[in-house]
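With the hints as a guide, bring the two chains together.
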Amino acid sequence: MTTAVGSTRRDPRRRGGRPVWDEQPTRIGQTAKGVLVGLVLLAVLFPLWVVVVTSFSTADAITRAGGLVIVPDGFSLGAYAELLSGSVVTRSVLVSTGVTVVGTLFSTVVTLLAAYGLSRPGSFLHRPLLFMVLLTFLFGPGLIPTYLLVNSLGLLDTYAALVLPGAVAAFNLVVLRSFFMNLPQEVIDSARIDGASEFGVLTRIVLPLSKGVTAVIALFYGVGYWNAFFNAFLYLNSNDKWPLQLVLRTYVLQGQSIPGASAVDSTLTGTGGVVATLAIKMAVIVLAVIPVLVVYPFVQKHFTKGVIVGAIKG
Amino acid sequence: MPGADLLERPPVQPRTPAAAGRRAGWRRRLKRDWVLLVMVAPAIGLLTVFHYVPLLGNVVAFQDYSPFVGMVYSPWVGLSNFARIMEDPEFWSATANTLVITAFQLVFYFPIPIGLALLVHSLMSPRLRMFVQSVVYLPHFFSWVLVITLFQQMLGGAGVLNQVLRANGVATFDVMTNPDLFIALVTSQSVWKDAGWGAIVFLAALATIDTSLYEAAAVDGANRWRRMWHVTLPALVPVIVLLLILRLGEALTVGFEQFLLQRDAVGQEAAEVLDTYVYFTGVVNADFSYAAAAGLIKGLIGLLLVLAANRVAHMVGEQGVYSR
Chain A
1 MTTAVGSTRR
11 DPRRRGGRPV
21 WDEQPTRIGQ
31 TAKGVLVGLV
41 LLAVLFPLWV
51 VVVTSFSTAD
61 AITRAGGLVI
71 VPDGFSLGAY
81 AELLSGSVVT
91 RSVLVSTGVT
101 VVGTLFSTVV
111 TLLAAYGLSR
121 PGSFLHRPLL
131 FMVLLTFLFG
141 PGLIPTYLLV
151 NSLGLLDTYA
161 ALVLPGAVAA
171 FNLVVLRSFF
181 MNLPQEVIDS
191 ARIDGASEFG
201 VLTRIVLPLS
211 KGVTAVIALF
221 YGVGYWNAFF
231 NAFLYLNSND
241 KWPLQLVLRT
251 YVLQGQSIPG
261 ASAVDSTLTG
271 TGGVVATLAI
281 KMAVIVLAVI
291 PVLVVYPFVQ
301 KHFTKGVIVG
311 AIKG
Chain B
1 MPGADLLERP
11 PVQPRTPAAA
21 GRRAGWRRRL
31 KRDWVLLVMV
41 APAIGLLTVF
51 HYVPLLGNVV
61 AFQDYSPFVG
71 MVYSPWVGLS
81 NFARIMEDPE
91 FWSATANTLV
101 ITAFQLVFYF
111 PIPIGLALLV
121 HSLMSPRLRM
131 FVQSVVYLPH
141 FFSWVLVITL
151 FQQMLGGAGV
161 LNQVLRANGV
171 ATFDVMTNPD
181 LFIALVTSQS
191 VWKDAGWGAI
201 VFLAALATID
211 TSLYEAAAVD
221 GANRWRRMWH
231 VTLPALVPVI
241 VLLLILRLGE
251 ALTVGFEQFL
261 LQRDAVGQEA
271 AEVLDTYVYF
281 TGVVNADFSY
291 AAAAGLIKGL
301 IGLLLVLAAN
311 RVAHMVGEQG
321 VYSR
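Order-wise, the sequence lines are chains A and B.
Per full-length UniProt numbering, residue 1 is the first one in the first sequence, and the count goes up by one each step.
Per full-length UniProt numbering, residue 1 is the first one in the second sequence, and the count goes up by one each step.
Just so you know, the hints here were simulated from the structure itself, not pulled from any lab data.
These figures come from a predicted structure and were not determined experimentally.
Among the hints, a few may not be true.
Just a sample of chain A residues kept apart from chain B, beta carbon distances all over 10 Å, derived [stated by the list, open to error]:
| # | residue |
| --- | --- |
| 1 | Phe75 |
| 2 | Val88 |
| 3 | Thr97 |
| 4 | Ser197 |
| 5 | Arg204 |
| 6 | Ser238 |
| 7 | Gln245 |
| 8 | Ser257 |
| 9 | Ala288 |
Derived, one-sided and incomplete: chain B residues facing chain A with beta-carbon distance under 10 Å [said to hold, decoys possible]:
| # | residue |
| --- | --- |
| 10 | Phe131 |
| 11 | Val145 |
| 12 | Gln268 |
| 13 | Ala291 |
For every residue, glycine included, the Cβ atom is placed at its ideal position computed from N, Cα and C.
So here's chain B without its partners, still in its complex pose (with noise of 0.2 Å):
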């Protein structure tokens, strides 16, 4: 009977969950609900062995695991996985790499967006516009591998730029095997690939302004230059702010695939990333418990700066990645 249905449940929208728990007991709400529990039912499986089982082999890490022996039978050897790490000069290179990436691309990735965006905004044709947003949005749907290899056929030993300087008798140079020019190389790449598709949100953002805003200022004598500074860079300082807090909360983490494709040709020295010292160490030497206390080590840091990242933006009044 359709009709009892609706009288248990309260037809007014929002329900919220004290409400509902309030009125029905579970085995009612389970009866009612199961429909749905069925339906999460896949989402929730998948997550809980791929993502919840191996977040509990995290143990190996104070393990001295063999996988001839299995997780169960592996002996139990305490902290000295992270005290060997603590001595391993290796793995403070990674993060000394690591570190250093981070704020290299804070200072000379991050306004590239902000710039884009005010570019495509000022175009006046609404075609040209729609143009330019559907190109520099492109590259961020291709695969490092491509971006990469794109990459090597412009800047490569064999790539257009040493074709050029070759027709031309000028010494060559490979811009893909350099350790000293890497930095920036991986800088580019990221730049190429993913700063239209981080324009997006500070496009947004300027959509949103008031434009009586800029006519209020123009009548007051602002030129087009004091009306950006005036008007439209405090209207992007909240998005801006967000968004340095969210990459510093991820400081740890720089692009894995992007690095591990290419620690091959600079070498280790200049390339080996945190992410990719725990594949080098962990999968390839199969020094599993080493590479998994070292992961374990970059996961707790990389929480414990997201959840200060967020109470930093919260405090700004901003809503951070978790206040949903």
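With the rest of the complex left out, here is chain A (with noise of 0.2 Å):
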């Protein structure tokens, strides 16, 4: 029985064929999965489709559907054209950028040099400062103190306020030491014994092999920066140096008008002015979006593939 069916032992499903073994599925149950998976599937996208379709509408079409549009009707590039040309938002849009950019290149260099020199036991004070790092998963420093410190350091109002204060994540240096540690050592003391140096050992051999497991780390870390908003809000005064996140709830989630962009017609309660705004919501809704839905694709592989799943379960 089972040398018959042992070469069915890998999960036969991932082959895309039934095992003998297992029952014809019902139609009832079929169909009941199957409006399952599609109502997950839309209470996903939906929102998102709702939100691209109205940024991308004509103040008529929005006037036609009352509010929202959901079936497409007509193609205006108007909002994203507003929004664009030297707004609040556009500002916004750079600063986000600039931020994520230069906060993500920060994050992992640092988190890459720390994994990697805590990544070999028995070097000098490697204990003390391994602890120093997994301590702070038990015991979070406070809102309070944290904010008295950046006002105290000059940081209130800068940039900087955005990127030092969470630059290091305990936890992707914990998940990137321990892939480090589980790499073929022999390669890495061959390396060293060609008289490689450190550095060089991290950049020719260890990264080269841990690039999926880099960009992972990289990607929390850009996704961390991009949707930042408490620390934003916490830090930042002046509204000139808002990020996206920022911008959003105040002009999207509360409603003020946007300052640069249709000041006139928000003003107005007319039906014109009210839909055109609403066009240009969506199309900040659209713009915070596009990142995360530009970079997912090229990383989501690694998820599945259970680089995750190992950082996870430790």
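Structure follows, in structure tokens:
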């Protein structure tokens, strides 16, 4: 018996075939599962669909729909043209992009270096330094002391306050470190025997072997910086320094009018003005989503490959 | 001379710290490892300045801190801030809200990633499975501002729901500003954002189940539901127990940004949780010492809960968070 089906041991589902012992599903069961999957997909994709369609809609289409547009009806880039023509939103997109690029580079490099530096048990001060990193998991410093510190360092209302306080995530560091430690040590040892410096080993041997996990860590940092709302909310006073998330919250979620973009329109209560504002608001949402959607497919394959699962399991 | 270097360092893996410590004095180890220390330095420096220094800054909880005088010269007041907190009904209301929301989410959020993982795992077509996984992981990478804005566009006063109701002549209602529905609203937001991501761990556990177990069960006459009950669920139990314990360890933490962003819309009574309470008393009302004391209470109880949760995890034979 075991030999007969033994060849299908490695999860036969992966080949798309149904194993012989599995009964054919009932039609009702199949339908129910299909409906359920459809509902799950719809729940995620429908809001995004509505937002994207409305952002590309003309003012007339929005009036006809009585608000958000579900079925595409006409096409207009007006909202984006208005947003990207030097308004507060344009600035915030630049600020967010800058903070994300600089912050991600900085965090990833610092984390890579530290993860490699801590990847050799028995090196000088290895245990106390690792302990310092791990201890941060257990007890956060608290909101008020952190705020007072950032204040006394003179970082209030600077971009540095958006990057430095959370620049190193202990979780990412530990994930990278355990990945480095599981690399074949013979390769690293032989490189060192050949006279490679520690830095050379890291850049020429370890990094090329760790592309996937490094990409995932960089994505985590990048998404974190792009999505960061609270640090900017807490530390920035002047709204010409606002990142996109803060603009999204103030002008879309709270519904305040966007200075510089359709400022005249939004003060009008007439249909034309209000609907144009709606398309602009939806366009702000789309701008906030785009970077995530662009980067996601490149890194997504690593999630299913198990990089992250290994990480979550510690 | 690389050869001599090799002799000093035991080439056999793994090198235990104790063995290395015995073989080389600290001067020699410093000389050998200083490059590694330089590499670690930036991260340790950042953690020191932005984690350990503010950790010490919690002493303001025992002071009557004034930003104009500074931490060094502010008068010490002992435990009077803590005494004030104990008598503050708003603190207790925030605590109650936090615990009620945690309990609600344990019942209505926690099982959903498990169900989702079972659903995805049961899909036969690998391409469809990949597609569904890609879609359900995606919202995890959206910010809270974005998630709440999307919910507002769907369920808010000017959202799709009310648009449809209005078009059909039915009375409208705004889900986003209703305090009675708030707990269900924040839970469904959490589900929308993170249930897919939470399913990853369960999918990994499902992938490790030996299919010969299913085969044997099928031969013994178990139908697919009985196979799920007797084979699949027992394999998930360790993961479920671990995650449940970890969640209980964080009972005092519910999403901070999520509540901060919606507190104005639904009112303080329903939406104030411990984290937002600390923020509003401290930063907004500038009562730094008082808020730091509240934060310290939350942090210490949270620490005790995490330690207790880990002890329980070890007792039931699981790894917990810090047994690495």
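- Least C-beta distance from phenylalanine 75 of chain A to chain B larger than 10 Å: 20 Å, holds
- Examine each Cβ of chain B, and state whether all of them lie more than 10 Å from the Cβ of serine 238 of chain A. 17 Å, holds
- Item | 10 Å cut-off, C-beta based - alanine 288 of chain A kept clear of every residue in chain B | 5 Å, violated
- Query: Is the nearest Cβ of chain B still more than 10 Å from the Cβ of threonine 97 of chain A?
  - Reply: Holds, because the least Cβ-Cβ distance between threonine 97 of chain A and chain B comes to about 15 Å, which exceeds 10 Å.
- Task: Verify that the Cβ of arginine 204 of chain A lies farther than 10 Å from every Cβ atom of chain B, and report whether the claim holds or is violated.
- Result: 15 Å, holds
- Message: Does the closest beta carbon of chain A sit nearer than 10 Å to the beta carbon of alanine 291 of chain B?
- Response: Hint holds; alanine 291 of chain B Cβ to chain A Cβ min 5 Å, cut 10 Å.
- glutamine 245 of chain A and chain B, when compared Cβ to Cβ, separated by more than 10 Å: Glutamine 245 of chain A is in fact no farther than 10 Å from some Cβ atom of chain B, at 5 Å.
- Item | valine 88 of chain A non-interfacial with respect to chain B [C-beta, more than 10 Å] | The assertion about valine 88 of chain A holds, with a minimum of 16 Å to chain B.
- Query: Taking C-beta pairs only, is serine 257 of chain A more than 10 Å away from all of chain B?
  - Reply: 15 Å, holds
- Minimum Cβ distance from valine 145 of chain B to chain A below 10 Å? With a closest approach of 5 Å, the valine 145 of chain B hint holds.
- Item | Interface restraint verdict for phenylalanine 131 of chain B against chain A (beta-carbon cut-off 10 Å) | 8 Å, holds
- Message: Restraint: glutamine 268 of chain B near chain A, CB-CB cut 10 Å. Satisfied or not?
- Response: 17 Å, violated
Hint compliance for this structure: hints 4, 7, 9, 12 are broken, all remaining hints hold.
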